[in-house]
Amino acid sequence: MPTIHVTSHLRRIAPNGPTRVEAATLGAALDAYFEAAPRVRSYILDDQGRLRKHVAVFIDGELLVDKKDLGRRVAPESEIYVMQALSGG
Amino acid sequence: MTEDLFVSTRKGLFRFQRSGGKWQQTYVAFLGQPVTMFLADPRTGHWYAALNLGHFGAKLHRSTNQGATWEELAMPTLPKSEDKDAPSLNQIWALEAGGADQPGLIWAGSLPAALFRNDRDGEGEWQLVEGLWNLPERSKWFGGGTDDTALHTLCIDPRNSSRLVIAISCGGVWRSEDAGASWTCRSKGLFAEYMPPDRREDPAIQDPHRIVQCRDKPDHFWCQHHNGIFFSTDDLESWQFAGPRFGFGVAVHPKDPAKAWFVPAIKDEVRVPQDGKFVASRTRDGGKTFEALSNGLPTGFGYDLVLRHALDIDQTGDTLAFGSTTGNLYVTEDQGEHWHAITHHLPPVHAVRFT
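Just so you know, the protein sequences line up as chains A and B, in that order.
Quick note on the numbering used here: the first sequence kicks off at 1 and runs consecutively.
Quick note on the numbering used here: the second sequence kicks off at 1 and runs consecutively.
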């Protein structure tokens, strides 16, 4: 079962700690995660169901470059990190 | 009487109250989060705050207990589409309560430009106003200052709350007589010098930065347009030009439509006060003449910019406030003769609103 880690910036609404989900693709993994945490959906996906432009996803250490690629395969041992793109200051 | 002023900023929502002759900050919420619009519904006392979290999108919250607690509401959404470039809703930039005869009705305007209604005090799903979304002219609209088109202003006719006026950057001024079912462009007389000559007067591409309707004389409107100041005295049959004065905000006296206030700036790529003099501007004769109001405003150089929702007037018509991108908040209690700073230390101000 892949594991999803969501940025601590969403700690007010996201489950505490990593969450294991049953899924074979990134999109299915996120859907399974949102089943348990419905409020997080609109923070990660826009109203067209796409990954938000300034949300970054890493799968097993590799940045998801094509943000439309929600069909990307994930392995049972995959570690998925959902983060915000960094902003300057 | 306690006067109440809500200030939406890049880093939170602030409340200032005048009590014992002094304005004081009495409340803060959403600290650290960009608040793009605030509404206090006079019918229910509910508060609504629209946020734009940047990375995590636009959000809407409501408080039914004067800010003690907030709950997140469902956001309006644009029609689902398989098109990979289909627009998504990026910001709420207008929030208005329906009329006294429309209990429960809340309106929301957005980027990209769309209007939504909710008939349950913000609970549950929002309905897209399809009469506006499906206008053929929508394809001509374009963003001004943002990638998206922006529906930033909704005026509800105090005589008939089914009569709506909206302003879009850059998509002109539109009126509905039937609570949003159908729309007619009301940009006649507005012009855009910066457009190619044959599009200069195209009604559907005008950039009204803000429009206001006079409460007691609702046939009268003022518009701070990208190209200058315009007014209408004939219920939007036409607009008259009152001079090439750039700015964003405008306020009209609730009883006397000949009186209006502005905060001028240099246009386009500059967007700071002319000659570094941060002043307000007022007409008392329906736009024939304008006077600079500087008493109490900075005597030295100032480079503040006041955004389109960041100037407001209260129901008496005597008290006005504006907040700037530099975090200064000024108020006058005598129609602009004297101003004083409530604070110099806010985050950049998006909107001010008396309740």
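It is possible that part of the hints are untrue.
The list that follows gives simulated cross-link-like pairs (lysine-lysine, PhoX-like), each with its CA atoms no further than 20 Å apart [to be verified]: (1) B:K140 to A:K68; (2) B:K140 to B:K217; (3) B:K59 to B:K80; (4) B:K59 to A:K53; (5) A:K53 to A:K68; (6) B:K267 to B:K217; (7) B:K255 to A:K67; (8) B:K11 to B:K59; (9) B:K277 to B:K217; (10) B:K80 to A:K53; (11) A:K53 to B:K84; (12) A:K67 to A:K53; (13) A:K68 to B:K11; (14) B:K277 to B:K255; (15) B:K255 to B:K267; (16) A:K67 to B:K84.
No lab work stands behind these hints, which were simulated from the structure alone.
Each hint tested on the structure:
| no. | hint | verdict |
| --- | --- | --- |
| 1 | B:K140 to A:K68 | 28 Å, violated |
| 2 | B:K140 to B:K217 | 32 Å, violated |
| 3 | B:K59 to B:K80 | 18 Å, holds |
| 4 | B:K59 to A:K53 | 16 Å, holds |
| 5 | A:K53 to A:K68 | 10 Å, holds |
| 6 | B:K267 to B:K217 | 30 Å, violated |
| 7 | B:K255 to A:K67 | 53 Å, violated |
| 8 | B:K11 to B:K59 | 15 Å, holds |
| 9 | B:K277 to B:K217 | 33 Å, violated |
| 10 | B:K80 to A:K53 | 18 Å, holds |
| 11 | A:K53 to B:K84 | 13 Å, holds |
| 12 | A:K67 to A:K53 | 8 Å, holds |
| 13 | A:K68 to B:K11 | 31 Å, violated |
| 14 | B:K277 to B:K255 | 30 Å, violated |
| 15 | B:K255 to B:K267 | 30 Å, violated |
| 16 | A:K67 to B:K84 | 11 Å, holds |
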